[in-house]
Amino acid sequence: MKIYNFKGGFHPADHKELSAGKKERELPLLPKYTVILRQNVGSAPELCVKKGDIVKKGTLIAKEGAGLSVPLHSPVSGRVGDTVLVPGPNAGMVEAVEILTDREEQVWDTSLPPIPDWRDTPVKILKQRILDGGVTGMGGAAFPTHIKLSPPPEKIVDTLILNGAECEPYLTSDDTLMRNHARAVLVGGAICAKILGITEIYVGIEENKPEAIQSVEQASWGIPGVNITVKALPVKYPQGGEKQLIYALTGRKVIVGALPMDVGCVVINVGSCYAIWDAVLNGHPLVERITTVTGTPVVDPGNYWIPIGAPLSAVLENAGGVKADSRTGKIIFGGPMMGFAQYSLDVPVSKNTSGILLLEESEVAQFTGGPCLSCGRCVEHCPMQLPVSTLSKACKNERYDIALQKHVLACLECGVCSSVCPARRPNVQHFRKAKTELKELSWKEKNKQK
Amino acid sequence: MVAALIAAELLMTGLIIGIIGLFLGCVIGIVVLFFSVKSDDRIERITELLPGANCGGCGYAGCGDFARAIVEDGADVTGCVACNEASAKEIGEILGKEFAAREKKVAVVYCSGDRDRAIHCAEYNGLSDCRAAAAYAGGGKGCRYGCVGMGTCARNCPFGAIEIRNGLAIVHPDLCVGCGKCVELCPRKLIHLVPADSKAHIYCNSLEKTVVKRKVCKAGCIGCKKCVKAFPDLFNAAGGLVRVVEPEKLTGEDLEKIACPVHVLHLVEEDFPAWQKREKTQEPEAEKEKNI
Chain L
2 MKIYNFKGGF HPADHKELSA GKKERELPLL PKYTVILRQN VGSAPELCVK
52 KGDIVKKGTL IAKEGAGLSV PLHSPVSGRV GDTVLVPGPN AGMVEAVEIL
102 TDREEQVWDT SLPPIPDWRD TPVKILKQRI LDGGVTGMGG AAFPTHIKLS
152 PPPEKIVDTL ILNGAECEPY LTSDDTLMRN HARAVLVGGA ICAKILGITE
202 IYVGIEENKP EAIQSVEQAS WGIPGVNITV KALPVKYPQG GEKQLIYALT
252 GRKVIVGALP MDVGCVVINV GSCYAIWDAV LNGHPLVERI TTVTGTPVVD
302 PGNYWIPIGA PLSAVLENAG GVKADSRTGK IIFGGPMMGF AQYSLDVPVS
352 KNTSGILLLE ESEVAQFTGG PCLSCGRCVE HCPMQLPVST LSKACKNERY
402 DIALQKHVLA CLECGVCSSV CPARRPNVQH FRKAKTELKE LSWKEKNKQK
Chain Z
1132 MVAALIAAEL LMTGLIIGII GLFLGCVIGI VVLFFSVKSD DRIERITELL
1182 PGANCGGCGY AGCGDFARAI VEDGADVTGC VACNEASAKE IGEILGKEFA
1232 AREKKVAVVY CSGDRDRAIH CAEYNGLSDC RAAAAYAGGG KGCRYGCVGM
1282 GTCARNCPFG AIEIRNGLAI VHPDLCVGCG KCVELCPRKL IHLVPADSKA
1332 HIYCNSLEKT VVKRKVCKAG CIGCKKCVKA FPDLFNAAGG LVRVVEPEKL
1382 TGEDLEKIAC PVHVLHLVEE DFPAWQKREK TQEPEAEKEK NI
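Chain order of the listed sequences is L and Z.
All letters in the first sequence, in the order written, are residues 2 to 451 by this note's numbering.
All letters in the second sequence, in the order written, are residues 1132 to 1423 by this note's numbering.
Think of the hints as simulated: they come from the structure by calculation, not from any bench.
Small disclaimer: the values here were computed from a predicted structure and weren't measured.
Worth double-checking, as some hints may not be accurate.
Said to hold, decoys possible - Straight-line C-alpha distance at most 25 angstroms; calculated BS3-like pairs for lysine-lysine:
no., chain 1, residue 1, chain 2, residue 2
1, Z, Lys1235, L, Lys33
2, Z, Lys1346, L, Lys33
3, Z, Lys1320, L, Lys440
4, Z, Lys1340, L, Lys51
5, Z, Lys1380, Z, Lys1357
6, Z, Lys1320, Z, Lys1235
7, L, Lys447, Z, Lys1320
As the list claims (entries may be wrong) - A few chain Z positions that, by computed beta-carbon distances, are all more than 10 angstroms from chain L:
no., residue
8, Met1132
9, Glu1140
10, Thr1144
11, Cys1157
12, Asp1204
13, Arg1248
14, Glu1254
15, Pro1289
16, Pro1326
17, Phe1362
18, Glu1379
19, Cys1391
Stated by the list, open to error - The following label-pair restraints were derived from C-beta to C-beta distances:
no., chain 1, residue 1, chain 2, residue 2, range
20, L, Gly321, Z, Cys1252, 19 to 29 angstroms
21, Z, Cys1355, L, Lys51, 27 to 37 angstroms
22, Z, Arg1374, L, Arg253, 51 to 61 angstroms
23, L, Arg26, Z, Asp1247, 38 to 48 angstroms
Just so it is clear, CB atoms sit at the ideal spot from N, CA and C, and this is done for glycine as well.
Throw the hints in and build the complete structure from the sequences for me.
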């Protein structure tokens, strides 16, 4: 099969050796977990427990809300505490519920029975289970997975793509999952394929993870009923972008404004596949995830199974802490390219925290934002082939009409343009602002028409 | 002989050009006679009387368009927030109409968390623009209701009435005309239009609980309701935040009597010591002369 090479992109130093190939570890039980209520794209779930209630690990604590939403479960056994405001991973204060673990024994809630014979189970029940398990996209966007698996009937889906590219530098959590739990990941993928009614599964993995490729290839032989093809992709950021991955594996181009479904593809992260496997075969909802804790200042970088709601400070303490002779300049949730810098150590881990990255002060570049040199490096590297320099100037001068005309909405905010820019222009922030402004404008126009 | 020839040639050239010019002039004259668009000189005169800032507060595309609307569509001149009474009267005279006086309004920023008083919990390193910051995290200030302080309102104010002082936007009431542009632009929605004769306000917009508020700002309204107890008619308490209902009725003596413990209720004048006021009012006049 041919591998297509998408235009643009670049390969930053990936530093994956810090955490790759290490044994995955678990955090000790913490006295308190603060679980953020809205961990998914869409509406927040509604809290259905009150203060003082006893919950087990995996007990439902918030029912799915209206529209796009997934339920939320308790990460540990304990008592429900107050509803508090905590600093959220995307900045700003967000609502969270406390779970206190002072005396209870750690046991799983058994209200979701395991479904070992998923092959003979109706699709409807499987889909309901994925919803009940609170599974969201675990690559970063936290889009509810059950919605992804319910394409409208007029869209014909023929290919399921498992995203194991993990193109973000530093992160190795998907790599670890594929190395050590390849079978679980692929069974999760097979369940998705059954729900979609297809047999063709592609697994896209970047070439710099040979162990993961080998492990997934071996595991793929033992799964009947589906046709799994493992593909090694060239090492290039953003290979794991949905549109780039579809193009690399199938040669189909998702045009601006279209969805992967329009070209017959559904892309699911390998982390989500593992969560689906866990929810269906073990009856365990998504309450903990594998997260890479890494960076030069970290004493013992590696991959940790972290219950959602564990505060950042506790995670860092248990990852061996920070080296005494280092000065941490930045803490990022996610990877260095698309992640969010944090300002507080109280931020809890949520369902989409794929990595916790600490950067040395000397590694952090401060924003300066000089004038554009019109060198065209950003245009050359943009994986969406946008005229970045023109767009950035248009946005700076608040000409959002020009920005819209030149498809600013197609920007996937991968950050390539900003990192190759010799003038260090904050292009992504410009585009993000333009997107919000355009949304507001269209909303205003809609109101006017009414 | 040669000289006479050249002179005749020059004369001829002049004559031909003159005749062509005369002919074209006549054509233009005829075209103007038949195809001229009748323009109302009143529109031009009214445009000159309008402030010319093109702020868009009236809802039309600039002052010229508004002047056209006044003459042709019968728009009310009070729609212009920046037009002073004398100009309004003159416009009325031009049209032979009388316009009712408009209540003048000014903008006020309901926040007193400047760099010394509001606590910064993060270092913001990005575009220096309130709206861009709001799309990310809202800057480094801990309060999520307070002024971001990056001056989007000040940069966009057509009258130069907003000043960023120590990381806080302050509206100069004598320069502000109440066009409402800043009200729309502020991502935190904390600029409000109030009657121009307001004397005091509660400079806080946080709906947070008092405990949370005190953690992030030394100048947040703590909801002690001291002011409400003293003047129940003039204040409106809603949870942890008190608002002045009739800011024009408060006097300096009243405030002394209340003695707001966090000094979040204070006079408008307090932000503008006499020397500063004088300096500021001189500025636009100088600018006006330049424009002429």
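Enumerate the violated hints, using their earlier numbering and listing them in ascending order.
1, 14
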